[in-house]
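Colleague: Whenever a hint applies, use it, and build me the whole structure from the sequences.
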Amino acid sequence: MTTEIHGRREIAEESIHSIEMENGSITPWMREQVREWVEGRTDIPTLVKRTRSHYGLES
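The sequence shown begins at 429 in my numbering and counts up by one.
None of these hints come from the bench; they were simulated from the model. Among the hints, a few may not be true.
[As the list claims (entries may be wrong)] Label pairs and their computed distance ranges (CB to CB):
1. T431 - T470: 17 to 27 Å
2. I444 - D471: 11 to 21 Å
3. V476 - S453: 17 to 27 Å
4. S453 - R480: 28 to 38 Å
5. T430 - G484: 32 to 42 Å
6. G484 - E432: 27 to 37 Å
7. P456 - R480: 14 to 24 Å
8. E486 - T431: 33 to 43 Å
9. G484 - P456: 13 to 23 Å
10. R459 - H434: 16 to 26 Å
11. E486 - H434: 11 to 21 Å
From the three backbone atoms N, C-alpha and C, an ideal C-beta is built for every residue, glycine too.
Modeller: And the structure:
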């Protein structure tokens, strides 16, 4: 595992943990998006664009 992937995985795990501690949940769709980011297959701007589109928030 590369250092970048390891760092991304830690960020993702901490973020998900924080959401769950606040009684939130992560949809399977969002988990897949996060996994793609962790693996380096997408970047943050694309992740934001997909998420906005998925939830009908395109401007």
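Colleague: Against each hint, give a clear statement of whether it holds in the structure.
Modeller: How the hints compare with the structure:
1. T431 - T470: 17 to 27 Å: 19 Å, holds
2. I444 - D471: 11 to 21 Å: About 19 Å separates the Cβ atoms of I444 and D471, which means 11 to 21 Å holds.
3. V476 - S453: 17 to 27 Å: 20 Å, holds
4. S453 - R480: 28 to 38 Å: Given range 28 to 38 Å: violated, Cβ gap about 19 Å.
5. T430 - G484: 32 to 42 Å: For T430 and G484 the Cβ distance comes to about 35 Å; the hint holds.
6. G484 - E432: 27 to 37 Å: 32 Å, holds
7. P456 - R480: 14 to 24 Å: 18 Å, holds
8. E486 - T431: 33 to 43 Å: 34 Å, holds
9. G484 - P456: 13 to 23 Å: 18 Å, holds
10. R459 - H434: 16 to 26 Å: Hint holds: Cβ distance 18 Å, inside 16 to 26 Å.
11. E486 - H434: 11 to 21 Å: 33 Å, violated
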